[in-house]
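Peer 1: Sequence:
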Amino acid sequence: MSSSRGQHQQEVRRVVLWTGNILEMEELIRKAGQTTIEELRGSIKTTLNSWGGWKEEEDIGEVLTIQRQAKTPTTPPDDTTGNKTTVKLFLSNNDSEQVEDALKTMSSTLKLPQLDSVIVTPPDVSDDVTREALEPVWQTLEAAVDRGLVASIGLADVSPHLFADIYTWAKVKPTTVQVNLSSCCVVPKELTTFAQQNDVQVLTHNDPAEIVDEDIVSTITSRLGLAGTQIEWIARYRTIQQCRGLVQEKGYTLVLSCQG
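Final position of the sequence shown in the working numbering is 262; the numbers increase by one with none missing.
In case anyone wonders, no lab produced these hints; they're calculated from the structure. Be aware that a few hints might be false.
[Claimed, not checked] Within a straight-line C-alpha distance of at most 16 angstroms, the following computed EDC-like cross-link-like pairs (lysine to aspartate or glutamate) qualify:
no. : residue 1 : residue 2
1   : K173      : D217
2   : K47       : E29
3   : K252      : E41
4   : K106      : E144
5   : K86       : D118
6   : K175      : D118
7   : K252      : D97
8   : K113      : E251
Given these sequences and hints, build the entire structure.
Peer 2: Spelled out as structure tokens, the structure:
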């Protein structure tokens, strides 16, 4: 290990890893039927493999940003008016600062003045979670809507009772609720009825309850040589061309805290 690399590792307190558009990763998109974890794991490895590594002359400071070096520069489409970008956040805690950090990071990374939709998966989605536990998260989302940073907000994997409780209490109502089909084969009738009565869109998904496995964490930490690393949040973004229903872009951002 070079002294420069060792110095960088001691300084780093935060890692931001952005995969970019994984639809450009040929080795990844050829693998059909991947789970979310397999897709995330593959895109992280591809991003780390294309990363240039620690550079001696580079003054990294406390924040290390890792992103894939695209083979060809990405040219933004001439017309993006028909595009809709949705961000799904997987949180490690219900801290309002974590939500605020995720929203600002994603807006900056995607170079979008407004995210069309943000859906949050709380760290605990068990039946005994209370509305009070999620209030800091939701109030931060509401503030983002008020500032024009986000157009619409929603929740994933919460119980029908909790969703109804949040909806009734909230100033800015959730417009979307996502249900995990791996935990329940059908959408609960209680939730379907409530959604119909309040014009809430019900979506289903197959994301795992624990999106981060040990292999993902060890892949990152072993490559960077950092100790005491914890994932704060993960965001998956998807940009869809609405007229044709085509996914234009898809990718992941991970933020890790390091204790040195």
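Peer 1: Next, verify each hint and record whether it holds.
Peer 2: Hint check:
The suggested pairing of K173 with D217 is violated, with an alpha-carbon distance near 40 angstroms, which exceeds 16 angstroms. A threshold of 16 angstroms between alpha carbons decides the hint, and for K47 with E29 the separation of about 11 angstroms falls inside it, so the pair holds. In summary, the hint linking K252 to E41 is supported, as the alpha carbons are separated by about 11 angstroms, within the 16 angstroms threshold. Only pairs whose Cα atoms come within 16 angstroms are accepted, and K106 paired with E144 is accepted, the gap being roughly 14 angstroms.
Of the supplied pair hints, the one linking K86 and D118 holds, its CA atoms being roughly 6 angstroms apart against a limit of 16 angstroms. The suggested pairing of K175 with D118 holds, with an alpha-carbon distance near 15 angstroms, which does not exceed 16 angstroms. Between K252 and D97 the alpha-carbon distance is near 26 angstroms, which puts this suggested pair outside the 16 angstroms criterion. Among the hinted pairs, K113 with E251 is consistent with the structure: their alpha-carbon atoms are about 13 angstroms apart, no more than 16 angstroms.
Of the hints listed earlier, those the structure fails to meet are numbers 1, 7, in rising order.
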